Every structure is written in C-alpha cells, then in structure tokens.
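So the protein lines, in turn, are chains B and Y. Heads up, the first sequence is in the numbering used here, so the first residue is 1 and it goes up one at a time. Heads up, the second sequence is in the numbering used here, so the first residue is 1 and it goes up one at a time.
If you're looking for bench data, these hints aren't it; they were derived computationally from the structure. These numbers come from a predicted model, not from an experiment. For glycine and all other residues, C-beta sits at the position ideal for the given N, C-alpha and C. One or more of the hints may lead you astray.
[Stated by the list, open to error] Taking CB as the label site, the calculated pair distances span: (1) Y:S164 / B:K67: 51 to 59 Å; (2) B:T140 / Y:T160: 53 to 61 Å; (3) B:S132 / Y:I43: 55 to 63 Å.
[Unchecked claim] Below are the DSBU-like pairs computed for lysine-lysine, each with C-alpha atoms no more than 30 Å apart in a straight line: (4) Y:K175 / B:K56; (5) B:K135 / Y:K137; (6) Y:K137 / B:K136; (7) B:K61 / B:K244; (8) B:K141 / Y:K145; (9) B:K56 / Y:K145; (10) B:K16 / Y:K327; (11) Y:K327 / B:K135; (12) B:K258 / B:K61; (13) B:K136 / Y:K326; (14) B:K117 / B:K130; (15) B:K175 / B:K136; (16) Y:K175 / B:K136; (17) B:K16 / B:K216; (18) B:K175 / B:K252; (19) B:K27 / B:K3; (20) Y:K137 / B:K141; (21) B:K244 / B:K258; (22) B:K67 / B:K22; (23) B:K260 / B:K3; (24) B:K192 / B:K175; (25) B:K216 / B:K136; (26) B:K117 / B:K56; (27) B:K216 / B:K260; (28) B:K175 / B:K135; (29) B:K56 / B:K136; (30) B:K61 / Y:K175; (31) B:K117 / B:K135; (32) B:K27 / B:K186; (33) B:K56 / B:K3; (34) B:K61 / B:K22; (35) B:K16 / Y:K145; (36) B:K244 / B:K186; (37) B:K3 / B:K16; (38) B:K27 / B:K16; (39) B:K252 / B:K186.
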Amino acid sequence: MHKAIMEASDISFFYKDRHILKNISLKINAAEVFSIIGPNGAGKTTLLNCLLDFIKPASGKIYLNGKPVDDYGRGDFCRIVSFVPQMHRPVFNYTVEEIVLMGKNPHLREFAMPSQKERDEVSETLEELKISHLKKRHYTKISGGELRMVLIARALVQASRVIIMDEPAAHLDIKNQLDILELIKKMAVERKAAVVMVVHDPAHALLYSDRIMLLKDGENVASGKPDEIVTPENLASVYGVETKIIEFEGRKIVVPIKSK
Amino acid sequence: MKNINLFLIIILLSLCVVSVSIGKYYIHPLTVMKIMISKVIPIERDWIDQMETIVWNIRFPRIAGAVITGAGLSMSAAILQSMFQNPLVSPFILGVSSGAGFGACVAILLGLDRFTMQLFVFAGGIIAVSMSCLLGKDSSGVGSKMTMVLSGVIVGGFFTSLISAMKYMADPYTKLPEIVFWLMGSLAYVSNESLIWLMPVTAVSMAALFMCRWKFNILGLGEYEAKALGENTGRLKAAGIIFTTMLVSATVSMAGVIGWVGLVVANAARIITGPNLVRLVPVSALMGAIYLLAVDDMARNISDVEIPLGILTSLVGAPVFMYILKKNN
C-alpha cells in the first residue's frame with residue numbers, strides 16, 4: 001500500500017444553497033491516472049477546482065503530501081501540482097516558447113525573470129513531446145491538438161508530481177484524442193506523475209485510467225478499478241443511457257445504444 | 001531585440017536636444033549640448049545667461065515632463081491591457097482621469113497655487129481608483145476584470161458629472177477657461193519644482209512596474225490559470241493597480257489629462273515586440289516618450305498660440321489607432 005500524494009477527506013461544497021459536492025473523499029497515488037466521470041452538472045469541475053485550491057470546500061480537508069493545502073503558499077503548492085485547463089481563450093499572440101516558460105513561474109524568485117537555464121528546460125520538454133517545431137510559432141495560430149500539447153508541456157515544465165487536467169481530450173479529433181490520452185498514460189508511468197483528470201467520455205476513462213470515480217449530483221456513486229465502475233448498470237443509472245461493453249482485440253469499448 | 005531599445009534611446013536623446021533648441025527663441029543644438037554638458041564638466045562659456053535660463057528653467061522641465069508623461073502613460077497602458085486581457089484598455093480605465101480632473105477643478109475654484117493644485121490632482125486620481133476598487137471588490141479582495149472595468153466606468157461617470165457641475169458654477173471669465181484649458185492637457189506648467197516632488201513617485205512606480213513586468217504576463221492568462229501557475233493573483237493585481245495609478249496620477253498632475261497616448265502607443269509597440277511584457281514595457285515607454293515629446297513640439301511650435309496637447313494627441317492618435325486596428329483586425 002503506497003501513500004497517497006493527494007487526498008481529499010469528506011469535502012462538501014455549496015453554491016448559494018445548492019449542494020454541489022457531497023462528502024467526497026478520494027486518494028490519489030503517484031504513477032496512476034485517476035479519472036473523474038459523470039454527467040454534465042455532476043460537480044466534476046467543482047471537485048477539480050477544490051483540488052486545485054481555486055475554491056475552498058465548505059467542509060472537509062484536502063491534503064497534499066500529508067499536509068493540509070491551506071498550509072501551502074500558492075507558489076509551494078504549484079511546484080507540486082500543475083494544471084492543464086480545458087478552455088484557453090488567448091487574447092495576446094504569445095509564442096509557444098513564452099507560454100511554456102510561464103510554467104517556470106513558481107520556481108522563480110520574486111522579480112526574477114526566466115533565464116537561459118529555464119529556456120533550455122523548455123526546449124527539452126518541447127523536444128520530448130515532439131513539438132519543437134512549434135517553439136517560435138504564435139500559440140494563437142496553432143491547432144487545438146497542438147495547443148493542448150503546449151499546455152501539457154507547460155504543466156510538465158512546472159510540476160509533474162500531480163497533474164490535474166480538465167477534459168484533456170475535449171474538442172479534439174479522434175487521432176489527437178488518442179495521442180493525448182496515450183501521452184497522459186505515459187507521463188504517469190514514466191514520470192511517476194499522479195494524473196487527475198475530468199473525462200467526458202466513459203469510454204476514454206475505461207481505456208486510460210487506473211482508477212475512476214463516478215459522480216452524480218455531487219455524490220460519489222462508485223469508485224474503483226475501471227472495469228468495476230464503467231459497467232452498463234452504472235452508466236444506465238448515472239447517465240441514463242443504455243450501453244454495451246464489447247471487447248475488441250483486448251480493448252474494452254463502450255458502445256452507447258440509446259438514451260433511456 | 002536589444003537593438004531596438006538602443007535605437008529608440010538614441011532617437012529620444014536626439015529629439016530631446018532638438019526640442020530644447022527649437023521654440024520662440026532658437027538656440028543652436030550645439031549650444032544646447034554645451035549648456036547641458038557644462039552642468040557636469042566645466043567648459044568654456046560661449047553663450048549668454050538668458051540661453052541658460054531658457055534651457056534649464058523653461059524648456060528642460062517641459063521636455064522632462066513630456067518624456068515622463070509619455071513613458072508613464074504608455075507603460076501603464078501596456079501593463080493594464082495585459083492585466084485586463086484587453087488591448088483596448090487605456091491607462092484611465094479605472095477613473096484616474098476624472099478623479100484627477102475633479103481635484104484640479106476644486107483647486108482652481110479655490111484659487112490655490114500650482115503646487116497645491118498638483119497635490120489635489122494627484123489625490124483625486126488616487127481616490128477615484130480606490131473607489132473603483134472598493135466598488136468592484138469581491139470576496140477574494142480584488143474584483144474580477146469585468147466588475148473592475150464597470151466600476152471604473154461608474155466612478156468615472158460620477159466624477160465627470162461633478163466636473164460638469166463645477167464648470168457650471170465657475171466664473172465664466174476667469175475660472176472656466178482655466179478649467180477647460182487644464183482638462184485639455186498641457187505641459188506648459190511643468191516646473192523644476194514639480195519635477196522634483198513628482199520624481200520619487202514616478203521613479204518608484206516605474207521601477208516597480210519594470211521589475212515585475214514578466215509576472216504581469218501571467219495575469220494576462222486569466223485568474224484561474226495565473227493561480228495554477230503559482231501566482232498570488234490578488235497581490236500582483238493590487239501591485240499593478242497601485243503602481244500604475246500612482247504613475248498615471250503623477251503624470252496627470254503634471255500635464256493634465258492627455259488622452260490617446262497610452263492606448264495608441266502600447267498597441268503600436270505590441271506590433272513591434274509581441275505581447276511579452278519583458279520587451280513590450282521598455283519599448284512602450286520609449287516610444288511613448290518620443291511620441292509625446294514630438295507632439296508637444298508641434299503643440300508649441302506650429303502656431304503663435306499654443307495648441308492644447310490633448311487636442312493634438314487625439315487628432316493624431318485616433319487615426320493611427322484606427323489604422324492599427326484595421327491592419328491587425
């Protein structure tokens with residue numbers, strides 16, 4: 001039994017008088033992909049925002065490395081935890097290099113600016129993700145898949161102990177979806193990263209996670225191993241969709257049949 | 001990229017010499033340089049005392065005022081545009097100009113001297129921005145971009161109506177023209193004394209903004225992303241607002257409200273350097289200084305009567321801005 005790097009114990013969150021998260025507890029370990037799935041409005045993003053310490057849960061606590069997140073300064077927290085947002089609405093045409101360099105922010109002293117050392121690190125990471133050719137391009141002028149890769153590069157440059165992702169495969173074509181999900185899996189294994197992601201498609205969660213939490217109306221309906229969670233019964237009760245899970249060349253595939 | 005800064009510095013210095021030499025009383029640029037150098041190294045005097053008085057007491061403060069005002073407004077604009085994630089933000093977005101204008105009106109109506117008036121103007125600007133910040137504040141301590149901008153508009157509107165009320169009450173033969181002229185902006189009243197007392201404020205705020213400039217990039221990615229990148233967004237936003245407000249209020253207390261400088265120059269500079277504030281801030285500042293100095297030279301040399309600076313900057317700035325917008329869509 002290894003120790004959890006991030007842990008939420010019994011957290012609840014309210015928006016006005018709406019109960020968005022109800023007593024959620026979870027443990028996230030290094031070198032595993034932890035997916036949060038559930039229908040729209042289930043509280044997935046709110047849970048992510050709590051884990052990122054963007055918002056404080058009304059009750060319950062979140063621990064990072066066994067220490068309450070409230071005890072961390074923003075910079076200390078972000079040297080361990082990085083974030084890949086789903087939507088990024090760019091206003092100014094920074095270059096890819098400049099955007100990825102911003103990942104070094106929590107590592108720099110006050111008033112310091114990134115130097116050649118940080119620049120080299122960025123180049124290495126871009127190389128590793130095979131996107132060096134994008135380095136000097138404006139990040140406003142690259143494709144959605146490339147942008148997602150750039151944001152992942154930024155997260156890796158920042159901190160790879162815990163990487164939190166909001167729907168990493170959203171708005172991508174099928175090739176890019178698979179590429180990104182493969183890469184995430186690889187990051188968890190090779191870098192021993194704990195990846196927490198909100199996943200839109202239960203089929204992706206089933207294929208690419210080590211553990212899954214299924215949320216509905218802010219409640220943890222089920223959590224555990226992928227094939228215990230992504231079952232026709234669970235999907236029917238949570239999403240209201242009739243599905244079949246078929247095995248094809250050793251891969252389990254979720255086939256939606258019809259909405260109930 | 002280093003070269004562009006050097007290039008702009010050379011242009012700025014040459015323009016300074018030219019600006020000191022031209023005017024109602026022409027002084028040869030070489031003489032100007034000699035007079036300036038003589039402050040540092042003693043050289044043989046081949047000029048008359050009046051020349052020295054004109055250079056040091058009349059033209060120098062005005063030119064220094066133009067340089068500081070142009071640089072201050074433009075670098076503030078570049079940073080505020082990043083912070084508010086909007087290239088159309090001007091340095092007066094949070095209501096500095098109307099608050100400062102109100103301060104000026106009060107001082108003029110009370111018949112205060114120039115120095116006290118500058119204090120009133122400076123305080124007016126600070127008060128207006130503080131009101132915008134208090135109004136736009138949310139639970140996190142610093143308001144979201146949208147509420148901040150809206151409260152800036154509200155506070156601006158409030159002070160503008162107070163200004164109108166005071167114009168209405170002012171004596172139309174003595175006070176009213178003074179108010180109107182002040183509101184159009186002019187560098188004619190910058191004196192060495194005012195430079196000296198504004199120097200600490202402008203130097204400190206310029207230095208602070210300059211040192212934090214890379215960090216302000218991160219605010220430009222939005223609240224959540226900046227937080228996820230380890231930034232204490234509330235503190236950085238507050239620093240940005242405090243130092244730009246001090247800088248802009250200082251320039252307004254020197255030169256009045258000069259519109260269409262920060263907005264236009266910051267956008268023009270962004271075309272050259274890209275949005276990275278590491279390069280954008282110095283280039284904006286230098287271009288702003290050059291631009292305002294050139295426009296002020298026009299203001300005092302085109303005709304026998306001095307043209308208010310604000311009129312010229314908007315006459316030049318509006319079409320230039322239009323061009324930039326069209327070109328970059």
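Unmet hints by their number, sorted upward, for this structure: 2, 4, 5, 6, 7, 10, 12, 16, 20, 23, 25, 26, 29, 30, 37
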